[in-house]
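K.L.:
Since the structure of chain A is provided, determine the placement of chain B on it from the hints.
Number of protein chains: 2
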Amino acid sequence: MIDFKAPLREIRFVRNELLDFPGLWARLPGCEEATPDMTDAILEELGKFCENELAPLNQIGDRQGCSLEGTEVKTPEGFKEAYQLFVESGWPALATSPEYGGQGLPHSLGILMNEMLGTANWSWSMYPLLSHGAKVSLETHGSEELKAVYLTKLCEGTWTGTMCLTEPHCGTDLGLLRTKAEPQADGSYKLTGTKIFISSGDHDMAENIIHLVIARTPDAPEGTKGISLFLVPKFMPNQDGSVGERNPVTCGSLEEKMGIHGNATCVLNFDGATGYLVGELNKGLNHMFTMMNSARLGVAMQGLAHLELGLQGATAYARERLQSRSLSGVKNPAGNADPIVVHPDVRRMLLTVKSLSEGTRMLGHYCAQLLDIQEHAPEESEREEADQLLALMTPIAKGFMTEVGFEGANLAMQVFGGHGYISEWGMEQNVRDARIAMIYEGTNGIQALDLLGRKILKNQGQTLRIFTKKIHKYCEAQTGNDEMKQFIEPLAQLNKEWGDLTMHIGGRAMQNMDELGGASFDYLMYSGYVTLAFFWAQAAEVASRALAEGNADADFYKAKLQTAQFYFRRILPRTLTLAATIKDGVDSLMSIDAELIGSR
Amino acid sequence: MIDFKAPLREIRFVRNELLDFPGLWARLPGCEEATPDMTDAILEELGKFCENELAPLNQIGDRQGCSLEGTEVKTPEGFKEAYQLFVESGWPALATSPEYGGQGLPHSLGILMNEMLGTANWSWSMYPLLSHGAKVSLETHGSEELKAVYLTKLCEGTWTGTMCLTEPHCGTDLGLLRTKAEPQADGSYKLTGTKIFISSGDHDMAENIIHLVIARTPDAPEGTKGISLFLVPKFMPNQDGSVGERNPVTCGSLEEKMGIHGNATCVLNFDGATGYLVGELNKGLNHMFTMMNSARLGVAMQGLAHLELGLQGATAYARERLQSRSLSGVKNPAGNADPIVVHPDVRRMLLTVKSLSEGTRMLGHYCAQLLDIQEHAPEESEREEADQLLALMTPIAKGFMTEVGFEGANLAMQVFGGHGYISEWGMEQNVRDARIAMIYEGTNGIQALDLLGRKILKNQGQTLRIFTKKIHKYCEAQTGNDEMKQFIEPLAQLNKEWGDLTMHIGGRAMQNMDELGGASFDYLMYSGYVTLAFFWAQAAEVASRALAEGNADADFYKAKLQTAQFYFRRILPRTLTLAATIKDGVDSLMSIDAELIGSR
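Protein sequences, first through last, are from chains A and B. Using the numbering used here, read the first sequence as starting at 1 and increasing by one per residue. Using the numbering used here, read the second sequence as starting at 1 and increasing by one per residue.
To be clear, the hints were calculated from the coordinates, so they are not data collected in a lab. Some clues are possibly wrong.
Taking lysine to any residue and the SDA-like style, the derived pairs with C-alpha atoms no more than 20 angstroms apart in a straight line are [claimed, not checked]:
id	chain 1	residue 1	chain 2	residue 2
1	A	K470	A	V542
2	B	K225	A	S324
3	B	K331	A	L174
Chain A on its own, in the form it takes in the complex (with noise of 0.2 angstroms):
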């Protein structure tokens, strides 16, 4: 099993010296309070809990699973344990509001805490991400009688929540959903109906779950536009806070998956349970989004966590493992053959892994930051423009961080030979965690659709052109850094030709919609190799400055250096593949007959 170790020096780099959230926090008004010495002590402490409670248990998740237990939901061995553990040392308010007993630090704080709960033990995590959503939501379009009931619970971490959308035959298009909700004389409806694959639907770690359910009122329009949105109690609160009986909202049967074990993956029936309208009625699919894009950064994070644990793993594994001599002549004359990690092709696989795994954390970490400026900046222009960019960037980071996480978890096995597919090693374990996140939140094909047509192209490009913006004047302001011309020379090129390909693919969409269609995946992809560009060139930068400036941690500096080579190298050029296909157009996927397209 690997040993894992909160990466927190990687973790600092990113926050304190790439993106300065210390400066950042200082001055938006709200967030005085988490100041350096904090917040170096929330990692610290954060960082014993995964380490020492969370990662024992990831793979004891894993292999006994969750049960059902007549209607109840029994978690693997410790699940139950560490989130009491988790709740009493006051970890699921620390990004909360102190109206609901949260202590109001800032929201990109929950992002850190995402990482490394989930690095540590994906399926644990689960439980309290989904918590979030629910809070989100309900802060933002929940009546102040639900909040006062529900949101302090939900903040304290004594209850958790859930998301409830997909019905058996609609997980994409949602207006295609069944599930009835009747109102009923005391203002309160009663739901009806079945919901599949709900993370965390149900389990024993907490006093009460409480779902967030999108349903259709029985007047309510056809599709989309008749969709609204409950909270559901698995148990009625009392007035004192205490619960009450059962609603009728019950675990069918467990879902038999391909990872993440530890998690309770529910069918949920619904029968006539009490129910209570969120929002707006029928625009249930709104705020539904207000849950869907903090969860969907959530899962992004999932894509870093999968690429970490696997370095870790990797790392330590090829440093040990003697196997064979290097092609260049001996390097370890007293071992009777050499570590593999002198083999190059070991160090293309190490390398791929430890440039996405940095690369992606410092992609997650932006997103962090610009949850806060969007939520405390004092100049509304500043806040507005966070907001663009975060639904630019969360496509992106949902779909490109989960795909080269699942990627990265595949090396990093593949660095084991056969141990890595057996599972005592935790490796073969990784992958099938990792692979879900490709899926869910809106599968990669959604996000990637999601971030070409809605997010790009249907304002014109203008939301891209302030990110290319940034690169472009970053690019600028590196003229005349000799040595920084590696790696702005290939960013500048690609920034222009991002625009380009945007332009192209509009162009082309214009007579014929499905050409959006035929690019969009390889386009999120480009748009995540060149975003990640632009956080490697701006490392390396960091990286340079601090040993041109002597820094004693010269070899983590120069480290970071090398890395951001390799990406630039031998990752980067991946853009002349995905420039070259998304540049064909669409006529080769969609002349073919959908009758032919099986085997004969």
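P.N.:
For chain B alone, coordinates are given in the frame of chain A:
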């Protein structure tokens, strides 16, 4: 679960129309019996066996797995009965020598069987597949005595075989192996040691199991020059061919694996087990490669198997699942949504799987054809050329086909969205089963070194030139064929670039051998894409001709032509990235210190 159908039409296209097996067999001495009628009948019968007997056991095998009861391994429900039927029907004897009770049909039919059995149920197919390696090895290197006792049983299939190479501390680097073989007065040996990851290592499906084991005699030289090959039966055979006393080679435990649960992957303990030398003392590694090359082609076909199974599942689902409307207007007005096959991004996934499935089938059966020529061609020069081409194609087939096999299994799963991640449809099993193929019989990193180092640079690219000349001639012959221009121009260009890249790496490797290791994996993938382009161009030519001749099966040929176009336009541009990373060289891989690769 997927309703598997043997893809007979596709196989006939490749074997009869593209590769002209009937014409080949008619002119090869010893292959005359393999008439088109006979092979057609074999195809039909085998198809029924695969559809009716094996495919229904695929999911059962995954769920039940194998179990160890005492020291005996129990295979999943139905595996034994299916195997008995397989043996009774005479399938194992199909392509083996009449001298040992075989039917003496061409070896390439073994690859055909490999594909069909493996697509229906890969885990099950590994039991007979491993026997094949043992048979070939015995036939080539075994003494007459050993052949007399063991070969007929292996050919009938009443006994099965294994390959015992890996030990806990040595996989790739077999020079490190420790299993001891001590000579006995009667000319036999006593073997002592532990072998791990032994596929089909123990089971209840056959009367006896014949292990081919590499080990060291007490005075053997160190490293790979002191390895000998031994035959170790599970039960000692009696004079009459029945099985006698148990030999002390026992299954210590079964590995817990990511997939291929239906196959028993054993830790085998040899506790002074009786064995017999196969071939020459200390030539075990060479002899082993006879098995290994056969096994590598077998594993190459595994890539195809998972592509084909994924294609069948995903295409059926994409035509039935209604979700969202087409971007270019409603396509299914009678339903409340369109089938997802109308969405361009779903087609991108399906056509990627289709073009790789059909393309790897062409490559796999081309290798099978080389086997027949190598064995039966009347002229030594033709046999010699086939031998060289097979040596070149084996690592490409094993490495490339299993890489894209895993990619395709994942894409097929992605088409199902959340339904792909649960076990119901078998798509996540297909991914887990596919993953091992990139590792066993030599990891793909090792295939890449074998290709670039041993097969290409070691003889200054001579072998490669035999193949690139064939491509060159083919392209020249198509000059003036306007319809083929879309394929021939890029193919000719890539064919030239393939040679240039080889020279480029060769030149660099003369300065620094690590350059070979730094380029090898990307070079293997590059070689695979160009090789498939050669076959896809030929397939397009066959299809165009059939269409021009007004063939009644026009739909089939139209789809073939369109899939070739898709391959050239959307898949082949992957060579752009690969050529760029190959040319970039090894610096960015080697400059970083091993200690600095990990996370901090």
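K.L.:
Is it true that the CA of K225 (chain B) sits at most 20 angstroms from the CA of S324 (chain A)?
P.N.:
holds, 14 angstroms
K.L.:
With a cut-off of 20 angstroms on the C-alpha distance, tell me whether K331 (chain B) and L174 (chain A) pass.
P.N.:
holds, 19 angstroms
K.L.:
Does the alpha-carbon distance linking K470 (chain A) and V542 (chain A) stay inside the 20 angstroms limit?
P.N.:
With Cα atoms ~17 angstroms apart, K470 (chain A) and V542 (chain A) stay inside 20 angstroms; holds.
In summary, the structure agrees with every hint in the numbered list given earlier.
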